[in-house]
Amino acid sequence: MAEVQLVILFTSVALVVIGLYSAIFLDNIIKKIIGISFIEEGVNLFIVAIGYKAGGIVPILMPGMDTTWFASNAAYPLPFGLVLTSIVIGASTLAVMLALVMVLYRRYGTLSTKVMLADTSKREEYNE
Amino acid sequence: MNEIIPIMVIVPLMAALLISAFSKFNKVTKIFAFVVALCLPLIPILSNYGLHYFGGYQPMLDNVTGVMYHPAITYSFTFLQQIFIAAIGLLTFLVIFIYLTKYKKVSGPYLFLLFLGTAAVTAMILTDDIFHMFVFFEILALAQVGIVAASSIDYSYEMALKYMILGSIGSPMMLLGIGFLLALTGSVNVSDIAAAVHAGLVNATSPVFLLSLALIFFGWLYASGLPPFHTIKSGIYSKAEPHGAALLQSFTVISMISIVLIMFRIYASLPIFEVLIVFFSILAMILGVSLALTQTDFRRMIGFLAVGELGFIGLGIGLGTNFSITAGLFQALNEIIITALLFIGFGAIVNATNEVDTRKLGGLLAYHPKVSIMLLIGGLAMAGVPPLSGFQSKLMLVQASLSCGYPELSILAIMVSIATFVVFVKTYYTMFLKPKPNDLDLENKEVPKAMIFAMGVLLVIVILLGVFPDVVTSGISNFVGGIL
Amino acid sequence: MSKTTIRNLLAAVLTAIFSVTLFDAIYHIADMINPGVSYIYNAVGTQIAPNMVTAVIFDFRAYDTLGESIILLSAGLVVLLIFGRGLLGDKR
Amino acid sequence: MLEFVLSIVIIVSAILALIQKDLLKAAIIAGFSGASVAVLFQVLLAPDVALTQAIVEGAIIPIFIALAVKKTQRSDD
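Protein chains in written order, with the working numbering: chain A, 1 to 128; chain B, 1 to 484; chain C, 1 to 92; chain D, 1 to 77.
If you're looking for bench data, these hints aren't it; they were derived computationally from the structure.
Computed from a predicted structure; not experimentally measured.
Some clues are possibly wrong.
What follows is a set of in silico ranges between Cβ atoms, one per label pair, in the way DEER data are often shown [what the hints assert, rightly or not]:
{"#": "1", "chain 1": "A", "residue 1": "Ile24", "chain 2": "B", "residue 2": "Met415", "range": "34 to 40 Å"}
{"#": "2", "chain 1": "A", "residue 1": "Ile24", "chain 2": "B", "residue 2": "Lys24", "range": "52 to 58 Å"}
{"#": "3", "chain 1": "B", "residue 1": "Ile272", "chain 2": "A", "residue 2": "Asp66", "range": "46 to 52 Å"}
{"#": "4", "chain 1": "B", "residue 1": "Gly481", "chain 2": "C", "residue 2": "Phe58", "range": "37 to 43 Å"}
{"#": "5", "chain 1": "D", "residue 1": "Leu24", "chain 2": "B", "residue 2": "Ile414", "range": "34 to 40 Å"}
{"#": "6", "chain 1": "B", "residue 1": "Met415", "chain 2": "C", "residue 2": "Thr21", "range": "52 to 58 Å"}
{"#": "7", "chain 1": "B", "residue 1": "Ile31", "chain 2": "C", "residue 2": "Phe58", "range": "33 to 39 Å"}
{"#": "8", "chain 1": "B", "residue 1": "Asn203", "chain 2": "C", "residue 2": "Ala11", "range": "27 to 33 Å"}
{"#": "9", "chain 1": "B", "residue 1": "Gly55", "chain 2": "A", "residue 2": "Asp66", "range": "24 to 30 Å"}
{"#": "10", "chain 1": "C", "residue 1": "Thr21", "chain 2": "B", "residue 2": "Cys39", "range": "58 to 64 Å"}
{"#": "11", "chain 1": "B", "residue 1": "Asn203", "chain 2": "A", "residue 2": "Glu3", "range": "22 to 28 Å"}
{"#": "12", "chain 1": "C", "residue 1": "Ile48", "chain 2": "B", "residue 2": "Asn2", "range": "47 to 53 Å"}
{"#": "13", "chain 1": "D", "residue 1": "Lys71", "chain 2": "A", "residue 2": "Ile24", "range": "50 to 56 Å"}
Over the 12 Å line for every Cβ pair with chain A, so calculated as not near, a few chain B residues [stated by the list, open to error]:
{"#": "14", "residue": "Phe22"}
{"#": "15", "residue": "Ile45"}
{"#": "16", "residue": "Tyr53"}
{"#": "17", "residue": "Phe134"}
{"#": "18", "residue": "Val135"}
{"#": "19", "residue": "Leu142"}
{"#": "20", "residue": "Val145"}
{"#": "21", "residue": "Lys162"}
{"#": "22", "residue": "Met164"}
{"#": "23", "residue": "Ala183"}
{"#": "24", "residue": "Ala199"}
{"#": "25", "residue": "Val385"}
{"#": "26", "residue": "Ile414"}
{"#": "27", "residue": "Glu446"}
{"#": "28", "residue": "Ser474"}
Partial chain C-side listing against chain A, Cβ under 10 Å, derived [what the hints assert, rightly or not]:
{"#": "29", "residue": "Ser2"}
{"#": "30", "residue": "Ala43"}
{"#": "31", "residue": "Val44"}
{"#": "32", "residue": "Asp64"}
Glycine included, C-beta positions come from ideal geometry on N, C-alpha and C.
Start from the sequences, fold in the hints, and give me the full structure.
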């Protein structure tokens, strides 16, 4: 176990907690979305930190390296591959959310969640 | 190796891509979508059972530790997958048929989303790889949001944004749980993880393992719309076009059972796992039915009833015996078909009257007799009246909970069934039997023929499954014996 | 006490419990990491590509990468749909 | 030592982004946090992931958020 890894794991969880706090408690929808991007960042950082190997090397075979030595010293490539996928997924969902916010802002003229996402069943009764 | 298995996902995926690219040619798109949709239920029925390793990588032995690992994504195709993929394929065909006959000009993105959702749930139920399931789960979430946003119902964007925000909290939590499992076992293949847990390589009582269960469980609650997500899920159904809602609820059911089966294979040794599932299922049953009773919008009412029915599936799986899991999965199959029937039927009513408030409707029996009879049979099947299919699965559930030594649960299940019946009959009475209000305007429309056809097909399946349940249950029982 | 206050309080307590559990689990997990299948990737992958991450995402798990590109495409289409292309009925 | 500094930078900039009143500045600070995470990926022996992260979280997401802020109101009250 390495100190580097522990520090980074703690950072990742702190990011998740900060993001969770802002996604639950902040009222401004853009702030909520920034918080959600922090959650995704934290989870990605956590998974990459799993792949770290203390004293290891980058999992790229340089010319002249012995393959058996490489196999026992390289960092773990599976988590890195998973994170590459999940970064793109996070960005795509974020783009869709921002598009919805931009359209809804035109209708309500505010970014407050309390106004924008009020309970629809209550609002329908109110409008009638 | 079985080469046909990935075709089941690739066909709807490629159809979606081609339709979105060539949506300018209206007629060609229509014919193409119809033909592909017709193929969807046929492919699983015609193909053989087996495993498919992508890239041809067979399981490999790690020389250092002596453990077998699956290096590539694995798809497994058995009777359970076959029956569910055939059901979702048939439903997709009916929904696309209704859509194509309803609108003159097809919308490319909407057809894209319908096919994409089908491909995503097919991959989710086929896959044996937890991260691959997560990827297609995200695709499914985007497709659901798109289907809701495309509808012409008021406040659909608000509902889509709400669902999206909850989803962006729920799915990273699930990914975090997957990350914990990856750290503990070094693999994302479910067979590998389950083998590691059973061999005792993972300390099953460590807080890390429990936390991974909690995180994946949270993602499952979001995916299946059990409490605390029941309101948003029924809201999603009521804000989509009726035929879209029929497909959305089947997506929910299939993603629910595919995630819960994966969790069951990994965590079945933990006693708290089954307690958690039963607890949330009971909560869903009670909340679903009691909230359905208070609704005046009948789409919302069916949405809450659908959530309540999900509780029965969870109850069967949470009891954990072979018989009860078979009952739960059979209930899942019945629910897909019955709820789709109800959504399409009530959608026909919306189409004909442009009114969703039960208080303003009445006397529709004289105007739409076919729809009302079929809806009545669907509702009775949902409530569990013999000899329809809902009765068979609920009877199995009651027997299962009795034989597990929980008579309280069976009494509760019967009471919830009765409450479902009451809710349905109340709504049915106000819509169809009560005298017609004076200000209700019914001059114009016929119910589309495609909707009647779809309801008829689904009704035939409901009756057939009710009379011959053994066709399905014996196969599911074999599958369950394999995972226990 | 209004309903929103109670709900906020409950959410705060749950978030606090969750964060403490998460930190605790993280502290334990650093000792429990198991490389698992990554050894196989590092041993077999050298015959496929010099970069192991490329070998993972384009060979062993290429199907995930297909899913990723589908997500990008569908996000683009959903954004176009939200801005008004291909909606059903006469919305706006 | 580098990872300590970067961790503190990431957490502080995340908090700063969330208490910032001006949403445009918040977007830029969030991008700064994402770019620092990319450097941490480099420390963790994952250069490919670091490249993707630097492009996506460091540039594309702040640009998306800034676009959304430009089309909506700029401050948070």
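Each hint, compared with the structure:
At about 35 Å, the beta-carbon gap between A:Ile24 and B:Met415 stays in the expected band of 34 to 40 Å. Range check, A:Ile24 to B:Lys24: about 44 Å between beta-carbon atoms, so the 52 to 58 Å window is missed. The supplied range of 46 to 52 Å is met by B:Ile272 and A:Asp66, whose beta-carbon atoms lie about 48 Å from each other. With their beta carbons about 38 Å apart, B:Gly481 and C:Phe58 fall inside the hinted range of 37 to 43 Å.
Taking 34 to 40 Å as the suggested C-beta distance range, the pair D:Leu24 and B:Ile414 does not conform, at roughly 59 Å. For the hinted restraint 52 to 58 Å between B:Met415 and C:Thr21, the CB-CB distance of approximately 36 Å leaves it violated. Checking the proposed 33 to 39 Å range against B:Ile31 and C:Phe58 shows it holds: the Cβ atoms sit about 36 Å from each other. Take B:Asn203 and C:Ala11: their Cβ atoms lie about 31 Å apart, and the range 27 to 33 Å holds.
For the pair B:Gly55 and A:Asp66, the beta carbons lie near 26 Å from each other, so the given range of 24 to 30 Å is met. Checked against the given bound of 58 to 64 Å, the beta carbons of C:Thr21 and B:Cys39, roughly 48 Å apart, lie outside it. Distance hint check: the CB atoms of B:Asn203 and A:Glu3 are about 24 Å apart, consistent with the given range 22 to 28 Å. Roughly 24 Å separates the CB atoms of C:Ile48 and B:Asn2, a value that falls outside the hinted 47 to 53 Å.
Judged by the Cβ atoms, the range 50 to 56 Å given for D:Lys71 and A:Ile24 is violated: they are separated by roughly 26 Å. No Cβ of chain A approaches the Cβ of B:Phe22 within 12 Å, the least distance being about 23 Å, so the stated non-interface status holds. No Cβ of chain A approaches the Cβ of B:Ile45 within 12 Å, the least distance being about 32 Å, so the stated non-interface status holds. Once the 12 Å rule is applied to beta carbons, B:Tyr53 is consistent with being away from chain A; the minimum gap is 16 Å.
Non-interface call for B:Phe134 relative to chain A: violated, since the shortest CB-CB distance, roughly 8 Å, does not exceed 12 Å. In this structure B:Val135 is not separated from chain A by more than 12 Å, as the shortest Cβ-Cβ distance comes to only about 6 Å. In this structure B:Leu142 is not separated from chain A by more than 12 Å, as the shortest Cβ-Cβ distance comes to only about 7 Å. For B:Val145, the non-interface assignment is contradicted: its Cβ lies about 7 Å from the closest Cβ of chain A, within the 12 Å cut-off.
Residue placement check: B:Lys162 does not keep its beta carbon more than 12 Å from all beta carbons of chain A (closest about 5 Å). Residue-level check failed: B:Met164 sits 5 Å from the nearest beta carbon of chain A, not beyond 12 Å. Not every CB of chain A lies more than 12 Å from the CB of B:Ala183, the least distance being 5 Å, so the non-interface label is violated. A cut-off of 12 Å between C-beta atoms confirms that B:Ala199 is not in contact with chain A; the least separation is 20 Å.
Non-interface status of B:Val385 relative to chain A is upheld: no Cβ of that chain comes within 12 Å, the nearest being about 30 Å off. Interface exclusion of B:Ile414 from chain A stands, the closest Cβ pair being 30 Å apart, more than 12 Å. Every CB of chain A is more than 12 Å from the CB of B:Glu446 (nearest about 28 Å), matching its label as outside the interface. Every CB of chain A is more than 12 Å from the CB of B:Ser474 (nearest about 39 Å), matching its label as outside the interface.
Below 10 Å, beta-carbon pairs count as interface contacts, and C:Ser2 has none with chain A, the closest being about 13 Å; its hint is therefore violated. Of the supplied interface hints, the one on C:Ala43 holds, with its beta-carbon coming within about 4 Å of a beta-carbon of chain A, less than 10 Å. Using the Cβ-Cβ criterion of 10 Å, the hint placing C:Val44 at the interface with chain A is satisfied: the shortest such distance is roughly 9 Å. The beta carbon of C:Asp64 comes within 5 Å of a beta carbon in chain A, closer than 10 Å, and the hint placing it at the interface holds.
Figure legend: structure checked against the earlier numbered hints; hints not met, in rising order: 2, 5, 6, 10, 12, 13, 17, 18, 19, 20, 21, 22, 23, 29.
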